[in-house]
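Peer 1: So you can see what is in the structure, the chains are spelled out below.
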Amino acid sequence: MATDKRLPPQPREWIDRNRPLRFSFEGREYTGFAGDTVTSALLANGQMLLGRSFKYHRPRGVLSAANHDVNAMLQTADATNIRGDVTRIADGQAYSATNTRGGLARDRWRFLQHLAPLLPVGFYYKAFHTPKRLFPFWEKQIRALAGLGTLDTRWPREIAPKRYGFCDVLVIGAGPSGLAAAIAAAEAGAQVVLVDENPRAGGSLDYQFARDTAADAFRREALAKLERLENLEWWPETVAIGYYADHWVPLLRPAGIVKMRARAVIVAGGVFEQPAVFRNNDLPGVMLATAAQRLLHRYAVKPCERAVLLAGNEDGYRAALDLHSAGIAIAALVDLESAEPRGALAARVKAAGITLHGRHTVYEALAKDQRLAGVRICALDAEGRPRPDSAQTIACDGLLMSVGWAPAAALLYQAGARFGYAAPPGQFVPLELPAGVYAAGRVNGVFALAERILDGRAAGLEAAAFLGLAAPPAARPARAAQAHSHPYPIFSHPKGKNFVDFDEDLQLADLENAAREGFDNIELLKRYSTVGMGPSQGKHSNMNAIRILARATGRSIDATGTTTARPFFHPVPLKHLAGRRFRPERRSPLHAWHQEYGVHFMEAGDWLRPQYYGWDGLSAALRREVEAVRQRVGLIDVSTLGKIEVFGRDAAEFLDRLYTLRIGNLKEGMTRYTLMVDESGVVIDDGIAARLGPQRFYVTTTSGNAGAMLREMQRHLAEWGLEVDLIDRTGRLGAMNLAGPRAREVLAALTELDLAPDAFPFLGVRRGHVAGVPALLMRVGFVGELGYEIHVPASQARHVWEQLMKAGSAHGIAPFGVEAQRVLRLEKGHIIVGQDTDGLTTPFEAALDWAVHAKKPFFVGKRSLQILKERTARRLVGFALPAHHVGPLPKECHLVIDGGNIAGRVTSSAFSPTLGCHIGLAMVEQHLAAAGGSFTIRVDGGVLLPVSVVPVPFYDPQNERQQFAASLKEVAA
Amino acid sequence: MNRQSPAHHLLLKQPLPWGTIHGMPLPLSAPALPATFIVDLSALPRRLVRGARAAAWLAAHGIAVPERYFGCRELDGGAFIARTGAREFLLVDGPEGRTTAALPEEADGVLALPRDDQELALGGAALRDVLLQTCSFDFTKAGPDDIVYANMIGVGCWLRPGGGRIPYLRIGCDPSYGEYLFETLLGIVAEAGGGVIGFKDFWALRQSA
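Protein chains in written order, with our numbering: chain A, 1 to 973; chain B, 1001 to 1209.
There could be a bad hint or two in this list.
[Claimed, not checked] Simulated restraints, written as ranges between beta carbons of each label pair:
1. Ala1035(B) - Pro199(A): 25 to 35 Å
2. Asp1129(B) - Gly353(A): 40 to 50 Å
3. Asp849(A) - Gly1097(B): 50 to 60 Å
4. Ser680(A) - Gly1023(B): 19 to 29 Å
5. Ser680(A) - Ala1035(B): 54 to 64 Å
6. Glu596(A) - Gly1023(B): 20 to 30 Å
7. Glu1105(B) - Arg228(A): 52 to 62 Å
8. Ala1032(B) - Thr153(A): 49 to 59 Å
9. Asp1129(B) - Pro199(A): 29 to 39 Å
10. Arg479(A) - Asp1129(B): 37 to 47 Å
Derived from the structure by calculation, the hints contain no laboratory data. Note that CB positions come from ideal geometry on N, CA and C, so glycine has one too.
Bound-form chain A, shown alone (with noise of 0.2 Å):
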């Protein structure tokens, strides 16, 4: 390929020539070598244009050549915000621009910059926020123009899974002090992980030291050891995106992110360059020099033909150094400072011809035809200012920036490091790290490459001696004592159009009349302009709009602070971040037969569990299985229930002091109804006990509540050390309740236990088969009816469910569901803990007086109780509406409302086919609880119904067919 932009091979290019790719821009066909990105190979070709901003749609090329900034922001058929400076060419692949209208070049919108004065930061919260209603079109009108890649929802769906990884020692930054921190630690014997976000190890050994003798014999050996050591894993196109507590890292790699696990983590990720701010700092042409260098070292491409170098520091000088070296003209070097300090290195730039203009600044870059054409110089005043009564223009095509440098500092800060801003060497440096976190280079300070690697092997050593490892003592090279960021590298204009973050279109005016209109603090004025808020984070512009706020505001960079630094650093791919779907659901060991019956699945917590049966519809099935039950029989899997096995010389003790209820003097082969609250009286939980020997119980809690009762258990049981065992069989036991009036008739052929009122009472509880599996059998009615509660192993779960399906057949049993359940036990007045009672209500609200054995010497929540008893204001009624009712319904949540004022809410509100008519259940205050008494509920549109006080239960009130209710009271007695 001969383009007038690719050089001779270099000596350390990424590129391969001998595998040229075919792609396209915008349009245009372009060839490029394999290990080319986006950027370098346009640029390669000539085409210096690569994206319009993100604000104005003003032109703009390449700033960092690097993950830095997004001027390179593409597009291409399947993917979108595709970074062109970092991203590799693929053979036939289309590319383009985001956000422009009509193509890059002549982006309808780039007349938007024109409007600039009239768009300051903050003019979209000011200007459409009245009238209020119009807001939603201006929002719509500003997301059309400010836009970064479009989506395409039919874009197929890509899968990126998350690793977990494990580490001795995570060094991040494989430039001269990362590899040297590396090779360090996994000599003393530590299994190390090297990451870096470049595809090859070296860092700036490839671009500011490409030509260094001495830098070479560092790279090739460590190369090499890279390679030969086992116990030193190197990962490439990895960048860390975060640190948590205990070292734990997400890496984001090509193929997905890697939780890496690290026992000590080193930071030797070196510093982002950053811009000059100055008029039209944002032409494509403009870069800077670090940029030009990657340019021309790792992908042989001429950054321009004729440059003019801005330094603020000795780096500018060699990088015109090593560009003129590799054959680009230097027009002029325009240092900030006085060129006199510079020494030997500004001695060699004019010995090289270069012109050198000591203590002045690039005022403005001049543009033609979308890019740089010049740059006018002016000297500066003692103030630093540019005096534009100085100015000369210097015609060029690239206008290089070295002024200044910014750490990548913000996974120590994630880490806990507390940092302070030096000058020299005009940066932030750690001044104190947690431990088992180090820094090394340039992130901390040191600059001379000897130095940096002197300080990345003693950060490696400290690392494995902290691990055990037996590493020799390594002193820290000082930190750099001359300057390589200048001050305030931020020069006004009044014409504006000077750049501080490139991602947002902020300007130096922006900034300034922030700080002016209060917003005077890191942390507002970023909130309010959006810098740093952009794709790249701040990696180019936080550093300058510190220095801004601090001149604004007359305090010192280190009183004005930096922003929080927050994970990501570094924007992730959603679906990275989604890895691979991992919802853990529960299923009842009944599950594939509801399915194959054809049930309507509900979620309950972390459970499917059946709503109903049948394909007719909620209503239907709701009639047909509660008359099932209430007539014949019904089927219910109730596997969900918590089943926990308490045993141990003080089980009953135990259970006294943790129900309300007296469970100590429960006889052998009986059960009984349990309560119970938190230390605030709280109602939290319902079940059943059962004692099935002196020392051995099994209860019962609320499917919801399971694992949260078994913990609240645990807990208590640790603090009161009692000789108590528990074991949670939720899981491991399958459960269905068979009730109906010929419940008995139907077990009686399955089991050889006498099941006759004397022999087995109801509350009672007996351990024998059914269908030939061992089983523990409760005779419960939560629905109200004849009822067994049968568990069984979950293994053998449906094998019994199938036989009680057959047996039940002849009498015509029917499975039923959670809404037939929920409007059975509403029939009978049976609450349900969370949905009838809700964070606050006491047993005496929830009308379980009975159950708190208030003569119990304890029991968790008494002394509440024994205070709120007498402080009860509400009260759970039930409520019915005539059979003859039209109109809208009460539905649970609705307000009871008196007087105008809400006084309770609907708990349970279901249609009674047993009945007839609507009932329900409401928390109402007390002076509306009277029996016989009415309140009004707000149902849907506003309407208020008045109903009845009536008592509960709704159904076999003498509890006739179970007699429930009364012999739960009786034990409470």
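The hints should help you fit chain B onto chain A, whose structure is shown.
Peer 2: Same frame as chain A, now just chain B:
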């Protein structure tokens, strides 16, 4: 005994010959063994032994228990016993079920309750990669003498590494999570080019290792 694995209907999709193990129908053997495998071991008899005298009670029944918490000891016939607490042990029987057969369920303040788990084993060439995708525990730090309680794809599991020539990991969980666990792990194993093997395949592999 009419038992059924939580993964029963998922296993039905596997074209493998079936048999019955301890009353539970399971695939027995695969015609060709994949490099990475998953196998359902739910049929094995298990007991959770708990109580103040659990260790002594087990010893009286000829079962030597591990001293160390979360220690594991191999027993005759492919069984193992793991110490899961100060007074709690998990006893997992071998394919013949000889160890649990004679144990009572309750005696002397000790409960030795039969326990249904969804138990499976993952193994083979891609085991490490499958584990790195599914569990945050570093399995290089554990061996056959350990039982690990950890979260795997969101489910609390017991995990026991094993194997020689062919590495494997035995995994047990509450059977209500069994279908989710098996289906999800099978999907990942299949992506790695693996598949389901039969109950007998596993014990043959184990013996050859």
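Peer 1: Hint compliance check: list the failing hint numbers for this structure, sorted ascending.
Peer 2: When the structure is compared with the hints, numbers 2, 4, 8 and 9 turn out to be violated.
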